[in-house]
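Chains A and B, in that order, give the protein sequences.
Per our numbering, the first sequence starts with residue 1, numbered consecutively.
Per our numbering, the second sequence starts with residue 1, numbered consecutively.
A hint or two may mislead.
[Unchecked claim] What follows is a list of derived Cβ distance ranges for each label pair:
no., chain 1, residue 1, chain 2, residue 2, range
1, A, A49, B, E64, 39 to 49 Å
2, B, K70, A, P434, 26 to 36 Å
3, A, D347, B, N85, 56 to 66 Å
4, A, D416, B, D7, 45 to 55 Å
5, B, E64, A, P280, 49 to 59 Å
6, A, G15, B, N25, 53 to 63 Å
These are calculated hints, taken from the structure and not from any lab test.
For each residue, glycine too, the CB sits at the ideal point set by N, CA and C.
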Amino acid sequence: MKCCDPVYESLKGWGDHPVCIELGPDGSAASLSAPEFMRRINETKTMLATAGIGDHDTVAVILGNSSDYAAVFLALLEIGAKPVPVNPAFRRIELDEIISNAEPRAIIVESGHGKLVRPYAPGRIVIERENGKWSWNQPEGAKKKSSPVDLDSDIASINYTYRGYGYPLGALVPHRQYITGAHVLQEGIQLNRGENILIVLPMVNIFTLIGCLFHPLLHGITMIIAHRRNPVQLLEYIRRHRVDNVLAVPELFELLAKFRDEAGDISSLKAFLSGGSVLPVEQYRGLASLFSVDLIHGYGLTEFTPVSRNIRGSIKPGTIGVVSRGVECRIDSPDTAGDGEICIKTDHMTKAYHRRPEETAEAFADGWFKTGDTGRLEEGHLVFAGEKKKTRKVKGNMVDLEEVRRALISVPGIRDAAVTVEDNAVSAVVEREPASGSIEEVLGIKRYLEGMIAPYKIPKTIRLS
Amino acid sequence: MKQLKNDALLREHIIRTIAAIARINEKNIDDSVLIKEELGIDSIMSLEIVAQIEKHYGIAIDEEETLQIKTVGEFIDYVQSKIINGCQEA
Numbered sequence: 001m002k003c004c005d006p007v008y009e010s011l012k013g014w015g016d017h018p019v020c021i022e023l024g025p026d027g028s029a030a031s032l033s034a035p036e037f038m039r040r041i042n043e044t045k046t047m048l049a050t051a052g053i054g055d056h057d058t059v060a061v062i063l064g065n066s067s068d069y070a071a072v073f074l075a076l077l078e079i080g081a082k083p084v085p086v087n088p089a090f091r092r093i094e095l096d097e098i099i100s101n102a103e104p105r106a107i108i109v110e111s112g113h114g115k116l117v118r119p120y121a122p123g124r125i126v127i128e129r130e131n132g133k134w135s136w137n138q139p140e141g142a143k144k145k146s147s148p149v150d151l152d153s154d155i156a157s158i159n160y161t162y163r164g165y166g167y168p169l170g171a172l173v174p175h176r177q178y179i180t181g182a183h184v185l186q187e188g189i190q191l192n193r194g195e196n197i198l199i200v201l202p203m204v205n206i207f208t209l210i211g212c213l214f215h216p217l218l219h220g221i222t223m224i225i226a227h228r229r230n231p232v233q234l235l236e237y238i239r240r241h242r243v244d245n246v247l248a249v250p251e252l253f254e255l256l257a258k259f260r261d262e263a264g265d266i267s268s269l270k271a272f273l274s275g276g277s278v279l280p281v282e283q284y285r286g287l288a289s290l291f292s293v294d295l296i297h298g299y300g301l302t303e304f305t306p307v308s309r310n311i312r313g314s315i316k317p318g319t320i321g322v323v324s325r326g327v328e329c330r331i332d333s334p335d336t337a338g339d340g341e342i343c344i345k346t347d348h349m350t351k352a353y354h355r356r357p358e359e360t361a362e363a364f365a366d367g368w369f370k371t372g373d374t375g376r377l378e379e380g381h382l383v384f385a386g387e388k389k390k391t392r393k394v395k396g397n398m399v400d401l402e403e404v405r406r407a408l409i410s411v412p413g414i415r416d417a418a419v420t421v422e423d424n425a426v427s428a429v430v431e432r433e434p435a436s437g438s439i440e441e442v443l444g445i446k447r448y449l450e451g452m453i454a455p456y457k458i459p460k461t462i463r464l465s
Numbered sequence: 001m002k003q004l005k006n007d008a009l010l011r012e013h014i015i016r017t018i019a020a021i022a023r024i025n026e027k028n029i030d031d032s033v034l035i036k037e038e039l040g041i042d043s044i045m046s047l048e049i050v051a052q053i054e055k056h057y058g059i060a061i062d063e064e065e066t067l068q069i070k071t072v073g074e075f076i077d078y079v080q081s082k083i084i085n086g087c088q089e090a
């Protein structure tokens, strides 16, 4: 069964409330009913087929949040293609790795990002989206190119993540993950049919794909897609559209808190669904009380989401919740405080990284997945302790320290670099000869990195040694 | 003369806002300073700056447009143009 099938079944009984409301930068609000959304998916399927995309083709999707993103993702799944969600913030180093590993037959991109994918365009179908319209090229040979054969039909998509190797790994995400993930998430957050959810995080992340796409579509929740993320605007959206739920990272909730006083009537708010970063007890209590909402924090990985989530009505602040139904969890090699590596096992998780046998063998053994994160179990709730792998979360974004080091040593003259994360920001010490130590030199390094890695990975401070 | 005074107040207020969010002494910020590279302003900080400025001046700032802005001076010019356009539309 493909994960789009239960979504279509759900849409048949959707009722009158909209599937999606898309908020434009000009203040417009475009609403889509279930039949209109199904029509959009069917039109997208036709567009993809006309462009030459079919069963088992891998397709890089480099789009911003929109109802089209949802339609493209579902249409690709339905025709048996394998979507490869790619963060639009990625630059040369990340894109080189992903494109060479996934070898997508096609790239779907916002027209503004056309220049970014130009180096990867030869021999590939490139579909561009501009103002909601699609256009594509069909290069000679793209139609005849053989399809990848090493992906089983139970694999839905290839979602790239990091484990500290210095390059992204393509998690082969099964169809079951999307459906099971949405259902076990619902057991924790318990949203009611007919409610809505404000979507502000990029749909490229598995947390958003499950929490803001599959969960709403399967449980009758209207997706409200925001194109602007500034907190005053988000609070205005919440007030004007009577938003019930918001899914975001703790840093974004903190930002909303700074502007809460001027928000007006936002009494529609019922729950904040949080993940992607640590949420300490004091911060939890402050946010929940300021907004008078259920703040439901959880934990997941690209390989399986959610591993754990708090259960509405019995939330334990400071924890990442109860391990999801159907997931076995063990703590490997615990220290005296009980903290050890969190390992999980479920039939619904990723079992391998695409074309990376060694990395797969290191992460997956005897049916267990070693998350690379550490934590402990306290009264049935998981408590997150930190990252054992060489990755860090910076304001909700995953940063692979080794990848940043690789980017730095690609700068002419830099022999080596040490990268750390301090106070929620990336910093680096680099060895360069000759080094002037001037501000201009540091700025030159940062400017170079702008073309190499996503902006949130560029070190805030660079010290020359 | 009045215009010059208003421009100076606007500039002073924007620099004060950026300095508070970046936790940097405002004396170290002038028009030529690079927002991301020198001040270390990340996307969450940018959202806060945009929200503060929108709220204070009653203008709407397009987040996409601000991605092209490099220096503090360019940001001040951008805000100024938004205020002027807003006045003309009103």
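Hint check results:
Hint check: A49 of chain A to E64 of chain B, Cβ distance near 31 Å, so the stated range 39 to 49 Å is violated. Between K70 of chain B and P434 of chain A the beta carbons are some 27 Å apart, a value that agrees with the proposed interval 26 to 36 Å. For D347 of chain A paired with N85 of chain B, a C-beta distance near 57 Å keeps the hint of 56 to 66 Å intact. At about 47 Å, the CB distance of D416 of chain A to D7 of chain B agrees with the hint of 45 to 55 Å.
One distance hint, 49 to 59 Å for the beta-carbon pair E64 of chain B and P280 of chain A, is violated here, with the actual separation near 33 Å. The hinted window of 53 to 63 Å between G15 of chain A and N25 of chain B holds, with their beta carbons roughly 57 Å apart.
Hints 1, 5 from the list above are not met by this structure, while the remaining hints are.
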